[in-house]
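*Asks:* Just so you know, the sequences run in chain order A and B.
Just so we're aligned, residue 1351 is where the first sequence starts under our numbering, counting upward by one.
Just so we're aligned, residue 3 is where the second sequence starts under our numbering, counting upward by one.
Hints are computed from structural coordinates only; laboratory data are not their basis.
Heads up, some of the hints might be wrong.
Computed list of lysine-lysine pairs in DSBU-like fashion (alpha-carbon distance at most 30 Å, straight line) [what the hints assert, rightly or not]:
hint	chain 1	residue 1	chain 2	residue 2
1	B	Lys195	A	Lys1650
2	A	Lys1474	B	Lys195
3	B	Lys198	A	Lys1632
4	A	Lys1497	B	Lys157
5	B	Lys198	A	Lys1473
Spelled out, the chains give:
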Amino acid sequence: MSLEVINNPILATIQDKGRFFYSHIGVSNSGVLDEYAYCYANKILSNNYGTNIIEISFSNVIFKANASTIIVVTGAKCEFFINDILCNSWQSYTIKNGDIIKIGKILEGTRVYLAVKDGFNIKKVFGSNSTTIKEGLGGINADKLKKGDILEFNSAFEQITQRLNDEYIPKYTDELVLRVILCAEVDTFEQEEKDKFFQNDYTVTNDFNRMACKLNGEKISSNINGIISEGIGFGTIQIPSDGQPIILLKERQTIGGYPRIGAVFSLDCFKLAQAKANSKIKFEEISINEAQEKLKDFYKYFIE
Amino acid sequence: MIFKIASVDSLTINFGNEISKEIASDVQKAYLSLKNLNIEGIIEIIPSYTTIYISYDVFKYDYSSLCKLLDNSIDLNYEDNSIKNIINIDVYYGKEVGLDLEDMSVKKNLSIKEIIQIHTQKEYDVYAIGFAPGFGFLASVDERIALPRLSSPRKSVPKGSVAIADKQTAVYPQSSPGGWNIIGRTAMELFDKSLKELSPLSVGSKVKFNSISKEEFLAQGGIL
């Protein structure tokens, strides 16, 4: 019982919430870039929190089912077909043997998620199915999905369709406000530099992958060139010597040496994960207390 | 110990602002103490040169409650009485694998034999692990063989390459891009999925390099 990959996608990988407890050996946390779309996909299917999923970063991915299961597509707005019939994202569908599932053009946002009931049966590597290609860990043969890959699942069937209420379906726009927790080396930035950072618009560049997102805009500078390398968190905003911010994402390295002005709040990193190149970014400060409360509000709905 | 926010669910504890044996020793003691405390809700602990990074479950602690707990419970005099192992890494220092040996020999005015002798005579401390899984930053190499990174990094450094950057030395556990000066190659696995801990290295452990012949290197499974 499985889904077979029919074409060679540009970049589609198996991910889950990430690989934890091995950062001290230099292993990246990895995991889904957009946890909002990921958590709701699993919620719609009543899957356990942490169930694996397919993360699709570019148009045109085709699968063939050889048994019944329930699927859902979330994340970027896209052309999603089952046997050439256009279907809705954020809604469950029962598919059967022989069905062709196609993710066509991506219309809004950049990353599409496809989940199946109870996830795919893939052996975890160091506690996770997340694929980190550069480390040779996770997924199917530690690689992106390729034509002929077989993704096994346990067969399932349901007669009730689950659909997310419209108000919860995100609109992916090309203007984002990212909330920032000031942290780490923030004191090495003069007030004038901080003002520049918070008052100007930045643009998302093409230098954007699972590891990091490089921005372009008003240069800001720290009083120091670098720090002695140390552990770095999700959303960290590094300011290298060219003055252009880099936001570190899920597949970041475990340690880094650039001065940090702050860290983008996780929930906003999920929005950033769906941003296209040339999108406008504005930064806004949030306190650690408020951010931690909001983070709990988000996860408590998904973690039983 | 100075506490700083690192992100919504992580923090760093700072022990000083320079690379030194003393600060590294403080980091090491705090790290071992922290591991020994086994605090529920702490997810990652990444020790580095001067800091310890901690990510945590926000359902268990908020930033200030965790800082308070850590401040009260980390024992800076913690001693690990277990036997310390020295990790011996056999290296073939041949020109065909030590891609920058000749260049270093010219720049440092040393024979290749002298470079090997200087590199193998010291025991190095693992100050940090990062950049890639199992990539340990070892220090300090003798000033006589310290050399800055290449001006333009190589697109691919072969797996097992033993290299020097400034006063640090390291082994590339997997082939990857890199700008360090390559002086030899080992057949030893530094990132080994069959090991429970994934790598024989950990921050605070000691490493000694041994020079071996091409034949021994090949016999150990080394690839030229």
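*Asks:* It remains to establish, for every hint, whether it holds in the given structure.
*Replies:* Evaluated hints:
1. Simply put, B/Lys195 and A/Lys1650 have alpha-carbon atoms about 34 Å apart, too far for the 30 Å limit, and the pair is violated.
2. With a C-alpha separation of about 12 Å, the suggested pairing of A/Lys1474 with B/Lys195 holds against the 30 Å cut-off.
3. Distance restraint check for B/Lys198 and A/Lys1632: the Cα-Cα separation of roughly 44 Å exceeds the 30 Å cut-off, and the hinted pair is therefore not satisfied.
4. Only pairs whose Cα atoms come within 30 Å are accepted, and A/Lys1497 paired with B/Lys157 is accepted, the gap being roughly 28 Å.
5. Distance check on the hinted pair: B/Lys198 and A/Lys1473 sit about 16 Å apart at the alpha-carbon level, within 30 Å; holds.
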